[in-house]
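**Student:** Work out the full structure: start from the sequences and follow the hints.
For reference, the chains in residue letters:
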Amino acid sequence: MRLSKCLNNYYRQLIMSLCLLSVISLSSNVFANEVNIEAKSTSRAWHNVEKRGTKQDVYFHAWGGDQQINNYIQWVSDQVKQKYQINLHHVKLTDTSEAVSRVLAEKAADNHRNGQVDLVWINGANFASMAKYELLAADWAGELPNFELTNPTNNPAMTRDFGVPTQGMEAPWGQAALTFYFDSLKVNDVPQTLPELLTWSENHPGHFTYPKPPDFLGMSFLKYALIILNEQQPANIKEKLYQEATVESQVQLLPQLWQFLDRLHPTLWRQGKHFVSNGLALRRLMGDTELQVSFTFSAAEIPSAISRYDLPDSTRSYRMKDGSLSNIHFVAIPYNSPHIEGAKLVANFLLSPEAQSRKQKTAVWGDSSVLDLSQLTAAQKMLFDVPEKQHASANIINIDNTRLLGELHPSWVKVITEQWLTRYGVQ
Amino acid sequence: MIVANTLFTRVVRNSPYLLIALLVVPVLGGLLGVLLPAFGWFPALGAHEFGLFGFVQLFQTPGIERMVLLSFGTSLVSTLLAFIITILILASYFNSPWLKRIQRLLGPILVIPHAAAAIAIGFLITPSGFLSRLVSPWLTGWDTPPDWLLPHDPYGLSIIFGLTLKELPFLLLIALGVLAQPEIGKTLRAQHKVASSLGYCPMTGFFKVILPSLYGYMRLPLLAVLAYSSASVEIPLILGPNTPPTLAVAIMQWFSDVDLSLRIKASSGAILQIVITLSLLGSWWLLELLVKKCSAAFLINGEREHGGMLIKRLTDMITVAMLTIIGLALVAMVLWSFAGFWSYPDILPQQLVSLHWTSALLQMQTPLFNTLVIAISTTLIAIALTLLVLEAEQQNTKTISAISGFIIYLPLLIPSIAFLFGIVWLFEQVNSQHAYVNVVFSHLLFVLPYVFLSLANSYRRLDPRFSSVAASLGVPPSKIFWQLKLPLLISPILIASALGLAISFSQYLPTLLSGAGRINTITTEAVTLANGASRRTSAVYALMQMLLPALFFILAWAVPKFFFRKRG
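Taken in sequence, the protein lines are chains A and B. If you're matching positions, the first sequence starts at 1 in the working numbering and goes up one per residue. If you're matching positions, the second sequence starts at 1001 in the working numbering and goes up one per residue.
It is worth saying that the hints were derived from the structure and are not from the lab. For each residue, glycine too, the CB sits at the ideal point set by N, CA and C. It is possible that some hints are incorrect.
To give a feel for the contact side, a few chain B residues facing chain A, derived at Cβ under 8 Å [claimed, not checked]:
#1 1062
#2 1063
#3 1154
#4 1157
#5 1242
#6 1244
#7 1256
#8 1257
#9 1341
#10 1425
#11 1428
#12 1429
#13 1470
#14 1520
#15 1536
**Tutor:** Next up, the structure:
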């Protein structure tokens, strides 16, 4: 009985693989013809999207705490108005989770067709959450003509959000890496690795802090520390950071982080008894000169803050030598958006060389492009190398002599937050 | 009184039902929208079984007892302090021109939204703030900001400070409003005069004669202040600790957490918040009984003088200190809004620039328009409805029943954080897509009670003989209402309107939630920016938040003067 079952399974697998093989060889045989047909059908499908999407109102829910980014989105809305007569409304969020709750509330109320959110700026845990509760439209990112310019087949980062496959629910928009900054008049011995940061903070108590988790920036600092502190571990343990957190992997990886924080916290701003609640408060404290070293995910905000007097002119930015946490941010369309075609047109425009090159300019936003330059025409490439006059803080020290660290699996966010709050949340 | 059956009287007669419905349906519906998830019913998350696991989760939260204690302590102490200072000010400056002056100086604070007030206080007391700069380095020797724990101290002192400063002008205005009513004010003043002629020192006379009557009129506003402060979000968020925060702040964070399953814990937290608020109201009631019992002997012991001068001195000091703090906060805010780079410990910025104002004013047009449209429509509805209900009272020659009277204050007494999230769910249920209408509707919940509170006494105390005489001359009720009562009440109506506008201007959570984030007002922008990095831009918005309501209060004050001069 058992043997026959085994055999049965064996045959089934064999037949399956044979079938697969034949399909592959078949398709490679007719590859040349297929491409043409596919290109034609895509463009026809896209033509339909263009036809239906024009003149729609698109409500773009995006974090609104930065004037530069808001201005960029305003520019995008002027552009799509011209191109497609789309009225793009920027709904300024203080936290992306507001949009997540809204769509969830709509689903709870059986509003499956007429949602208020058409497009949302998202990544990481917010995306994982929306994907888990099936709040997003699936399989649309591949339809965007400009998506090919990110070279997704050779660049798996474009289809994975913090390690979770996006399954066409998101189109990439930009990428960022953790950048530190300091006041060059006050700090002579800039800490350039995590251990140096601890020593520096011990020598200059009260001049460094990080936002309280689950804040995104605070979480990013903790992830950076977690990766660096586990560098010496064997590869099979290290790689568990990029998989779903289990009881076992927590025991193997987290103690290093808590030991480090136990030493770091007494040296922090307010002796680690109070933590700021969001990333932007760090910049305010730098401007108040209460902090002397801090960090951000958007390096371009530093020169722009200097120009608005929010940071001293002597501020300089750099990356840690032992690595810089980096991630990609995306736009997604909720499953109940009534303007899905308009939202796709906007997402496609956001990926255009025109929009991406403008976004990359320090004076505009300074967010790195997600396009693969090798996929662009010469004229399109030209858009990306316009020389700019920059403040000294726009040149990031160490940018070429450090590596980018990948994001952890999103399940670690909850684990770290919960244990952090138990350990340090009540003081 | 027999009243003719005209369209006007029919509208008037039915208006109380509309008022009750407008307040009860959203509040109870919103509560239901929170109650169900609190006990585990949340179909969108796949939770279909009733149970207590939300509460189990809630009570396992690290530091939950500290959160509860912080919410309870800060609101009780701040309300008590604000009340005591109000009474001290009234007692010390009763019948003195200073009372009017203090009112005029404190009045503007009433209309400053909580977020703006918290930002201003923060500017003052942070280690790199204005106070520390004033005394550094010549007195303290600090050339980098000290590492002290204000604001955000774990005992909630900064929250108490912020709340007291914000509640005080409201209570003072309410008390002065009561005293300004011709009938009560005259009676009380006359009684005070009698007490004085019997040899009571003015201060003791106030405590023994006026306070016992005055307190009755202040009880409900006091309870509203207590309930509000127990569940307020803005001040604890900006000035309070976060290891752990107050319960209301924690609930808001759980509601907006990425981890959607926290929504159930948040709903259970909202229920706990209601329990806290109720027990606060209960404690206040007990406190009241206690004071009544203890002071009964004091009231009739015939003693004419109880350290009046000492109390007066103390009040002078408190008043001066408070006004100084407010003045400094304003100066600091204005400086920030024009500041170039401003390094510590300089008292003045290195350069003054207008960049922050010009760029903010450019971005402010849509939010400003939204703010005005919403506030004006909300206030018009609130004033009209309040007047109709009060007129209905007089036509029925009895005040609305105790239950209805209580219902009007329902949105003020139930912590808004508990039902607002439910209201969004309710709007979804009725598929109400008009963001403006939803926002006006939810603002109404908060504007209506204040407008009613501010108008009811004046309307009820209006000498009924005026309308009796008019009616006996054959004037129809509608004419009495339009041509007699309204002109007589023009001043309180305008004050109530300005108050309504100010309340609407300051709403943050209701605008954000029921507007689906689509409607930006000055306040939502200010709070978004307050969380942001620029003290300069948030100073501009905070100042704008103060200027707007101030403008309408000035109008409310100036228009009747003009109006009466024309008639006289």
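**Student:** Now, for every hint given, state plainly whether the structure supports it.
**Tutor:** Status of the hints after comparison with the structure:
| no. | hint | result |
| --- | --- | --- |
| 1 | 1062 | 5 Å, holds |
| 2 | 1063 | 4 Å, holds |
| 3 | 1154 | 7 Å, holds |
| 4 | 1157 | 13 Å, violated |
| 5 | 1242 | 6 Å, holds |
| 6 | 1244 | 6 Å, holds |
| 7 | 1256 | 5 Å, holds |
| 8 | 1257 | 6 Å, holds |
| 9 | 1341 | 5 Å, holds |
| 10 | 1425 | 6 Å, holds |
| 11 | 1428 | 3 Å, holds |
| 12 | 1429 | 6 Å, holds |
| 13 | 1470 | 52 Å, violated |
| 14 | 1520 | 6 Å, holds |
| 15 | 1536 | 7 Å, holds |
Comparing the model with each numbered hint stated earlier shows that hints 4, 13 do not hold.
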